[in-house]
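Sequence order for the protein chains is C and X. For the first sequence, our numbering assigns the number 1 to the initial residue and increments by one for each residue that follows. For the second sequence, our numbering assigns the number 1 to the initial residue and increments by one for each residue that follows.
Take the hints with a grain of salt, since some may be wrong.
Think about it this way: if two alpha-carbon atoms lie no more than 27 Å apart in a straight line, the pair counts; the simulated DSSO-like pairs of lysine-lysine are [to be verified]: (1) K266(X) with K165(X); (2) K164(X) with K278(X); (3) K368(X) with K340(X); (4) K34(C) with K57(X); (5) K170(X) with K266(X); (6) K57(X) with K164(X); (7) K6(C) with K31(C); (8) K183(C) with K368(X); (9) K183(C) with K57(X); (10) K3(C) with K164(X); (11) K91(C) with K6(C); (12) K340(X) with K167(C); (13) K3(C) with K167(C); (14) K91(C) with K266(X); (15) K4(X) with K278(X); (16) K57(X) with K254(X); (17) K170(X) with K183(C); (18) K340(X) with K165(X); (19) K91(C) with K31(C); (20) K55(C) with K6(C); (21) K183(C) with K135(C); (22) K3(C) with K165(X); (23) K31(C) with K57(X); (24) K167(C) with K167(X); (25) K167(C) with K164(X); (26) K164(X) with K6(C); (27) K278(X) with K167(X).
To be clear, the hints were calculated from the coordinates, so they are not data collected in a lab.
Spelled out, the chains give:
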Amino acid sequence: MEKFEKLTGIAAPLPLVNVDTDMIIPKQFLKTIKRTGLGVNLFDEMRYDADGNEKPDFVLNRPQYRNAEILIAGDNFGCGSSREHAPWAIKDFGIRCVVAPSFADIFFNNCFKNGILPVVLPQEQVDILMKDAEKGANARMTVDLENQTITTSEGEVIAFDVDPFRKHCLLEGLDDIGLTLEKAAAIDGFESSMAQARPWV
Amino acid sequence: MTGKTLYDKIWDAHLVEQDEDGTCLIYIDRHLVHEVTSPQAFEGLRMAGRQVHAPDKTIAVPDHNVPTTAGREDTANMTEESRIQVEALDRNAREFGINYYPVDDIRQGIVHIIGPEQGWTLPGMTIVCGDSHTATHGAFGALAHGIGTSEVEHVLATQTLIQKKSKNMKVEITGQLPPGVTAKDITLSIIGHTGTAGGTGYVIEYCGEAIRSLSMEGRMTVCNMAIEGGARAGLIAPDETTFDYIKGRPHAPKGAQWEAALAWWKTLYSDDDAHWDKVVTIRAEDIAPVVTWGTSPEDVRAITGTVPAPEEFRGGKAEAARRSLDYMGLEPGTPLTDIKIDAVFIGSCTNGRIEDLRAAAAILKDRKLAPGVRGMVVPGSGLVRAQAEEEGLDVIFKEAGFEWRLAGCSMCLGMNPDQLAPGERCAATSNRNFEGRMGRGGRTHLMSPAMAAAAGVTGHLTDVRELMAETV
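Use the sequences and the hints to build the structure in full.
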């Protein structure tokens with residue numbers, strides 16, 4: 001997995017609540033058997049009209065946000081389907097950090113598996129970042145995972161919480177499966193005891 | 001010492017290891033796999049030279065993008081992209097030696113319908129699937145939830161998941177449901193009450209007299225939409241209704257193992273002195289037949305109500321409501337029963353079981369779809385379809401003007417040829433009314449099977465109780 005340490009980049013504002021995974025990547029793009037190449041279809045129905053032309057008003061189509069690496073969003077971001085295509089599309093577009101007051105559970109987990117940092121902050125602090133993001137390309141924020149801070153373009157520092165294990169995995173770019181396979185003996189032991197206790201499973 | 005919730009008990013029974021910071025390794029009893037969220041996971045295994053750790057606990061079925069029309073067993077009749085995924089699942093299932101129900105098997109169907117039907121789903125289990133509606137299996141008192149593709153690969157390789165424990169939430173529905181009110185109205189009303197993020201960070205246990213009175217089909221409908229309320233999982237403690245449903249199913253325990261299993265299952269309930277982090281209580285008498293008006297499952301109103309105005313909401317929801325009304329083409333203040341529909345969809349993992357088809361057929365008997373309304377019934381599995389045909393339900397649907405399809409996810413997510421056209425409005429028994437969910441520009445109103453049937457008959461959203469009165 002790609003490491004996430006420190007990122008300085010443009011933040012795009014998306015002040016909508018309940019942005020669901022069908023909005024992030026509509027179902028017609030789930031037919032891929034790869035993890036890459038979905039960035040062009042990120043937010044497809046918001047980003048393009050029925051003929052495939054860009055909608056100029058959509059934030060990621062505006063010149064100053066086309067290279068955004070951070071997304072600032074509303075409550076319950078990523079709700080709906082478990083499709084990992086959502087974080088794959090976000091990452092493929094070039095966004096490595098999403099900040100919102102809350103995230104849907106499965107999407108939140110999926111981000112960490114793909115080198116994306118989801119940051120939960122209180123609404124007031126998200127509002128500060130949203131305002132900063134609305135300034136456009138001149139507003140470059142810095143997300144520092146090691147120190148758990150986001151610094152606005154005006155130098156305001158906002159601290160955030162992150163699960164220590166997930167932080168460690170992101171900083172080191174660790175693969176979960178490799179870590180778990182180191183515990184193979186414990187898994188085998190569990191299976192042996194379960195074969196006795198609950199043989200019908 | 002404080003007692004344990006049902007969730008606590010299942011969690012403790014599956015804990016392989018716990019780190020100091022609370023990160024846990026949880027053993028997974030059943031892993032359900034479908035064609036859309038698994039190809040990358042199997043490819044990952046292959047690239048790393050890894051095997052499926054427990055193929056006998058892994059069950060695969062194609063459901064999301066299979067066509068629901070005749071001739072689909074020949075993959076040449078699928079779109080190229082669907083064919084690639086279905087064929088990939090076929091190859092992966094056979095190569096890794098996992099349990100598999102191919103598209104031409106009568107037991108094929110929506111993964112969350114066939115798991116319980118075949119007896120794979122049992123109380124006290126941990127069950128995962130690369131699909132958010134895995135919560136369905138919670139109806140059996142199993143801890144069941146959706147996972148992403150990276151976690152699918154993790155479970156394939158290790159039969160475990162790295163997890164942190166969620167909080168406990170109790171949702172109690174007291175009393176008895178009034179006539180015409182169903183499990184779907186319960187689950188939509190709960191989401192209307194708590195919001196789509198109300199359950200975030202929690203596992204919900206549904207309890208109370210109204211839940212106890214539900215059949216297994218109804219309980220599955222309730223748990224199915226736990227994810228729509230943001231919860232990691234939904235649970236209902238197993239009881240005699242559960243045990244009766246399971247007994248004799250192909251993969252249910254038999255003989256002495258049945259007795260041993262039953263003894264353990266009977267310990268699976270929340271202790272009286274268990275700690276709840278959040279409690280919601282709703283009186284069944286206060287639940288009416290409901291529909292959704294917007295593009296979030298929390299946009300729920302009683303059918304007797306009107307389309308709300310954005311000003312009724314606060315914060316970001318006001319803007320979201322404005323956007324929803326624009327997408328749905330609705331004006332605030334319009335009576336919900338004035339909303340005309342173009343299509344009816346009966347099916348999905350929420351409402352594609354035999355009881356759902358019976359409820360819809362009861363309304364449709366000797367009635368027809370309103371002129372200009374198209375209808376589609378998609379049974380949740382080949383066996384549900386066969387059962388319905390045995391009961392003559394297919395005849396009722398066909399005589400009413402519905403298409404009688406083969407099993408699959410169909411229009412619920414529109415990954416297959418079954419889709420709404422732009423602007424087309426549908427009364428649907430599925431679980432999500434998101435923008436574009438059933439087809440780009442398509443407009444979805446969620447409701448129960450009986451309500452969807454009633455809307456089909458009148459051509460507009462309808463209080464099913466009026467048609468029930470006519471039937472009597």
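A quick look at each hint next to the structure:
With a C-alpha separation of about 23 Å, the suggested pair K266(X) and K165(X) falls inside the 27 Å cut-off, and the hint holds. Under the criterion of a C-alpha separation no larger than 27 Å, the hint pairing K164(X) with K278(X) is consistent with the structure, at around 18 Å. Taken as a hint, the K368(X) and K340(X) pair is honoured in the structure, with Cα atoms around 16 Å apart against an allowance of 27 Å. For a cut-off of 27 Å, the pair hint linking K34(C) to K57(X) stands: about 26 Å separates their Cα positions.
Only pairs whose Cα atoms come within 27 Å are accepted, and K170(X) paired with K266(X) is accepted, the gap being roughly 20 Å. Annotation: proposed proximity of K57(X) to K164(X) holds, straight-line Cα distance about 23 Å (limit 27 Å). For the hint linking K6(C) to K31(C), the alpha-carbon distance of about 33 Å lies beyond 27 Å, and the restraint is violated. Restraint check: the Cα-Cα separation between K183(C) and K368(X) comes to about 61 Å, which exceeds 27 Å; the hinted pair is violated.
With a C-alpha separation of about 20 Å, the suggested pair K183(C) and K57(X) falls inside the 27 Å cut-off, and the hint holds. The hinted pair formed by K3(C) and K164(X) meets the criterion: a straight-line CA distance of about 22 Å does not exceed 27 Å. As the CA atoms of K91(C) and K6(C) are separated by approximately 16 Å, the hinted pair is consistent with the 27 Å bound. Simply put, K340(X) and K167(C) have alpha-carbon atoms about 51 Å apart, too far for the 27 Å limit, and the pair is violated.
Between the alpha carbons of K3(C) and K167(C) the distance comes to roughly 10 Å, so the proposed pair stays at or under 27 Å and holds. Distance check on the hinted pair: K91(C) and K266(X) sit about 46 Å apart at the alpha-carbon level, beyond 27 Å; violated. Between K4(X) and K278(X), the direct Cα distance comes to roughly 15 Å. Compliance with the 27 Å bound is thereby established for this hinted pair. Simply put, K57(X) and K254(X) have alpha-carbon atoms about 17 Å apart, close enough for the 27 Å limit, and the pair holds.
The hinted pair formed by K170(X) and K183(C) fails the criterion: a straight-line CA distance of about 34 Å is larger than 27 Å. The hinted pair formed by K340(X) and K165(X) fails the criterion: a straight-line CA distance of about 45 Å is larger than 27 Å. Distance hint between K91(C) and K31(C) is fulfilled; the C-alpha atoms sit about 18 Å from each other, no more than 27 Å. Distance check on the hinted pair: K55(C) and K6(C) sit about 32 Å apart at the alpha-carbon level, beyond 27 Å; violated.
The straight-line distance between the Cα atoms of K183(C) and K135(C) is roughly 48 Å, outside the 27 Å bound, and the hint therefore fails. Straight-line distance between C-alpha atoms of K3(C) and K165(X) comes to about 26 Å, which keeps the hinted pair within the 27 Å bound. Of the supplied pair hints, the one linking K31(C) and K57(X) holds, its CA atoms being roughly 26 Å apart against a limit of 27 Å. Restraint check: the Cα-Cα separation between K167(C) and K167(X) comes to about 22 Å, which is no more than 27 Å; the hinted pair holds.
The hinted pair formed by K167(C) and K164(X) meets the criterion: a straight-line CA distance of about 14 Å does not exceed 27 Å. Distance check on the hinted pair: K164(X) and K6(C) sit about 25 Å apart at the alpha-carbon level, within 27 Å; holds. For a cut-off of 27 Å, the pair hint linking K278(X) to K167(X) stands: about 8 Å separates their Cα positions.
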